[in-house]
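Protein chains: 2
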Amino acid sequence: MPRSPSQAPLSRSPILDYLESLHERFRGLSEGSVADYIPELARAEPDGFGICIATHDGFVYEVGDSHEPFTIQSISKPLTYGLALEENGEDAVLARIGVEPSGDAFNAISLRPHSGAPLNPLINAGAIAACGLIPGETATDKTARLLDAFSRYAGRPLDIDARIYRSESETGHRNRAIGWMLRNFSILEGDPTPALETYFQQCSIRVTCHDLAIIGATLANGGVNPVTGSRAIAEEYVDNVLSVMATCGMYDFSGEWLYRTGLPAKSGVGGGILAVQPGRIGIGVYSPRLDAQGNSVRGIAVCRELAADLGLHLFDASQRAVPAVRVATTRRSVASKQRRTPAAAEHLRSVGNRIRLYHLQGALAFASVEPVVRELMAHAADTECFIVNLSVVQRIDTAAARLLAQTRVELLRQGRTLAFSEAGAWWQRLIDAGVDREAFYADDDFALEHGENLLLAKRFPDAGSAAAVALENCMLFTGFDTDELALLDRLLARRAYHAGQTIIFAGQASDELFVITNGAAMVSIATHDGITRLDAFTSGMTFGEVAFIDRSPRSANVTALRDVECRVLTRDVFAQLDHEAPAIKIRLLSNLALGLTGMLRQANRELAVLN
Amino acid sequence: MPRSPSQAPLSRSPILDYLESLHERFRGLSEGSVADYIPELARAEPDGFGICIATHDGFVYEVGDSHEPFTIQSISKPLTYGLALEENGEDAVLARIGVEPSGDAFNAISLRPHSGAPLNPLINAGAIAACGLIPGETATDKTARLLDAFSRYAGRPLDIDARIYRSESETGHRNRAIGWMLRNFSILEGDPTPALETYFQQCSIRVTCHDLAIIGATLANGGVNPVTGSRAIAEEYVDNVLSVMATCGMYDFSGEWLYRTGLPAKSGVGGGILAVQPGRIGIGVYSPRLDAQGNSVRGIAVCRELAADLGLHLFDASQRAVPAVRVATTRRSVASKQRRTPAAAEHLRSVGNRIRLYHLQGALAFASVEPVVRELMAHAADTECFIVNLSVVQRIDTAAARLLAQTRVELLRQGRTLAFSEAGAWWQRLIDAGVDREAFYADDDFALEHGENLLLAKRFPDAGSAAAVALENCMLFTGFDTDELALLDRLLARRAYHAGQTIIFAGQASDELFVITNGAAMVSIATHDGITRLDAFTSGMTFGEVAFIDRSPRSANVTALRDVECRVLTRDVFAQLDHEAPAIKIRLLSNLALGLTGMLRQANRELAVLN
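Line by line, the protein sequences give chains F and X.
Just so we're aligned, residue 1 is where the first sequence starts under the working numbering, counting upward by one.
Just so we're aligned, residue 612 is where the second sequence starts under the working numbering, counting upward by one.
Since the hints were made in silico from the structure, they are not lab data.
Treat each hint with caution, since some may be false.
Claimed, not checked - Examples of chain F residues lying across from chain X (beta carbon under 8 Å, computed):
no., residue
1, G116
2, N120
3, D159
4, I160
5, V238
6, H313
7, A365
8, L454
9, L455
10, L456
Unchecked claim - With a straight-line cut-off of 25 Å between C-alpha atoms, the simulated DMTMM-like cross-links for lysine to aspartate or glutamate are:
no., chain 1, residue 1, chain 2, residue 2
11, X, K948, X, D1092
12, F, K337, X, D1047
13, F, K337, X, D1054
14, X, K948, X, D1054
15, X, K948, X, D752
16, X, K1069, X, D1094
17, X, K1069, X, D1054
18, X, K948, F, E449
19, X, K948, F, D550
20, F, K337, F, D161
21, F, K337, F, D489
For clarity, every value in this text was computed on a predicted model and none was experimentally measured.
All C-beta atoms in this analysis are idealised placements derived from N, C-alpha and C, irrespective of residue type, glycine included.
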């Protein structure tokens, strides 16, 4: 029996406790009786009772006779219908089988007056017609296809109860009548026997209520079995299967079922009920005593209780949309890792609200993206650059991707930019929706730097690339007089690196402090999906100071981005200053401490935004 | 006309662009014909055409004749049914009106064979029976109730088209027959005339498709009109109303409608269609040409297109659950603001993974909380204290609250604690579900401090409350010799504060650095929901150093938590040291810089977790 890999032993799960109490509560319910229209079915153990819930990520909770086999019966119908859709396409199937609830009992013939099309695929007539649409000349071929599909749903090889099948076939006179009526209207072509025998065999497939829950979880998971990872049905037909279950799944109790539980479902006279909370969970219940409509008595009672206790109703008001915006902030609170000169930093602070950064979350669909579009358009007039981070987005549907693409076009028309950062797996969908490749940035850091450069280019059009900087213009050496600078010039080592060279390796001892006098460098660490930039600096800036002060080993690499010239203060020289030039030492320490408070304040601003 | 307050002028919304293109595409569709079963209806302008979408938070997009009035007709039926449920309760209503789709046309009588109960509330028989269940002796009384409820749905006072009403009443022979048949079965009691006249009047209520969209948004918003904020229907009945719309809303096209659009909806022969994406949006379409089933031809075409383009289908696989855990971390990465002595800090680092912190997000329901429960139970063996932060949770339903309460009970049984931080509005729901009052903390900071204290109490059982600390044991004075300490002792001012006194006011100049030698104090700022603690310290620790170094004004208050004794280093004394005791100045600066790197590394660890 395949089990979820995450099926770790739980000492006591409150969810399992709850299912056990539910099982205990309803095991005394002994109304109804086992189906007896064929002798083999009447042999079922009337007191068999199992309940199973499987989550859309494949975790299973089960109590009672959850591994007791029984025949799937009518629960096969929506699955066969799904396969018929996949094999023939929606139009061909809808031309032969309707999707209207009939209001009639399960074995009513219910054909449309003129076309002879069965009203829906979950009455016998519709199910037999669906069997006719499964490829294969013989019942054996057709049934092999069905068994293969059903087994992918269940995640294990299913088989047919041969005695039930014989019994179904021997007593299936009414269904044969339906088959010939379908032949009469050319809904079935040729001899109806293969479709009929396929129908009898599909009803006789053996399942457990554990299987039913997994089948439900597969439908909840867009058609992919969450335990095995294999696809049972194309995603585009899942909504069709669930729709017919919602309107026609429970015979002439379907309306009240949906009203009470709000769950698409299907019952079978073998005693099973399969229910699905779309996108969330599958439920399987087994208890063979049936009510007058042919539904499991305990099954209905348990599902009603589950739906109420667990708040599963599709239309429950608590299913309300969750805002897609997790964080909304501006360059006033978050900055790129590119350190700036004091003048540039000051300008960016003053116009920082012209760069807006949004972190989106959850499944992006029309209703969740619409407020984002509204927000962007409302700020179009006063914003230069919008950045939308997608790192924790779980899904972007086609409608949402299209809307984002159209919003970007409209913003560009107004002279604004919209950049996406950390698009990851959603890059292709956004490209397909029409977003240009140039809109994507690896992370917020680079997207922010791009926005900052746009703002700086307007204010300092001549800034261009950084040139060499004299010692007195380096931040660490602010406030020294000429003699002191001359002394420092003698004490500081000179180093040069080519573009791409590593200046500092993670793990090294931290006995040196660097000041970059020409060039550009970056601090970075390797992460699971590439390189993350932690800091970047150009001429005049200090690096390596944190580890230098607290003497911890280097925690990241520093790489030259262009040819770099540095001045290096070693720990020994720094120590000598205590006695040889205490005034210089005091100013260096003051400048270092001032730099640290700047970094600390920036980190705290970003923490405040994220919390 | 009431409008959303957020209805700011949008230069060009891509969503409005889309609706305009849809309107353009379908305005040429001229199949079908205006209802003519009563003369007044036949006078409608056949080419009238409006489309409107209202979001669950009350934002409106509309194109075409969205303010053209027409009569609501059958779209009144689900609203009246909702009021009947509110006034009589579910059981009383279900005893008289079923919820099964009939498969029949709208004017079929469709009563159950023995009870005479109409099959559902959206066929005429069911709607007339629902009018009988609205309180009031006369049609005037009943209609006044309905008008009031409908007006709350629409957010403006609605009225009745008197000519249509007269016309409906004069030609309503078939409906009178239904009324008397309902009287025959005692579904209606007494004279059926008031119920019938109420029915004719409710069908004649004038609306626009803007109104329909707002009515839909009200249902999507759990029964509260999102523009006006007033409740139109109790939340508990919203799922019932949407359920009957889903199975019976579009006459004998209901099954195919749900299959195609996946939206609960209701049409009327006045040319309106109301559709709802539960929890998300309301849609109103107006176009009076009807098909053979009595549904608006353009209305159906537009809704099918909208559902496909915008991905609105209820069972669309993209509606999958979003994980509730936004952040999962341990005390190794985040810490309380309570600064610790070096020994305590070292111990907390080594056992930090015994405190686990989770930030949850979104709407918490069974399916989203279940994986959280699974995670907590899986770590029960190796965790002392779980903290669950609820600050960005948008909703906790009863099932989720109960599950969290039961999980806490099970964890307590195993000797673990589960604390909730920032529960805010969800506090009451969790209390009602059985969570003890002692489980709640104002924020992560206090919850973490509680967890840290639990871990520290095991390792340092005798620690107790902090005592006075000598200068040489204060962190800032580490590494000084006896003479230096004696000098410092002379230079440092002494201050004492009573518990509760403010030591530093936000906005003050930052000319002093504090070392606490006895007592405890806290840095805090006032926020929109109270006080946020930024830092807390006890004997031996330094405070006020960041602003002292960068000379910015104080950004927060510091308050004595117990009686406090401090030593104070003024900026003047600090400056004098440059010349009078440079070695002391150098060590003080080194110790300050070291403290800053510690704070910076902690901030960066927390940023890494949150990003």
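Exercise for the section: Classify the hint on F/H313 as holds or violated, based on whether any CB of chain X lies nearer than 8 Å to its CB. Expected result: holds (5 Å)
Exercise for the section: Would you settle whether the hint for F/G116 is holds or violated, based on the nearest Cβ-Cβ distance to chain X being less than 8 Å? Expected result: violated (16 Å)
Problem - Given pair status - F/E449, X/K948, alpha carbons within 25 Å - result: Not satisfied, since the Cα-Cα distance of roughly 32 Å exceeds 25 Å.
Practice task
Have a go at the F/L455 hint: is there a Cβ in chain X nearer than 8 Å to its own Cβ?
Solution key: Given a least distance of 22 Å, the restraint on F/L455 is violated.
Handout entry: Supplied contact hint for F/A365, tested at 8 Å Cβ to chain X
Key = holds (5 Å)
Practice task
Would you check the hint for X/K948 and X/D1092, treating anything up to 25 Å between C-alpha atoms as holding?
Solution key: The hint is violated at about 31 Å.
Practice task
Tell me if F/L454 is really an interface residue toward chain X, meaning its C-beta lies closer than 8 Å to one of theirs.
Solution key: With a minimum Cβ separation of about 21 Å from chain X (threshold 8 Å), the hint on F/L454 is violated.
Problem - Satisfaction of the F/L456 interface hint, Cβ to chain X closer than 8 Å - result: violated (24 Å)
Exercise for the section: Measure nothing beyond the straight line between the CA atoms of X/K948 and X/D752; if it is 25 Å or shorter, mark the hint as holding. Expected result: violated (63 Å)
Problem - Given pair status - X/D1054, F/K337, alpha carbons within 25 Å - result: Judged against 25 Å, a Cα distance of about 30 Å means the pair is violated.
Exercise for the section: Take the C-alpha atoms of X/K948 and X/D1054, compute the straight-line distance between them, and say whether it is at most 25 Å. Expected result: holds (11 Å)
Practice task
Measure nothing beyond the straight line between the CA atoms of F/K337 and F/D489; if it is 25 Å or shorter, mark the hint as holding.
Solution key: violated (29 Å)
When held up to the earlier numbered hints, the structure conflicts with 1, 3, 4, 8, 9, 10, 11, 12, 13, 15, 16, 18, 20, 21 and fits the remainder.
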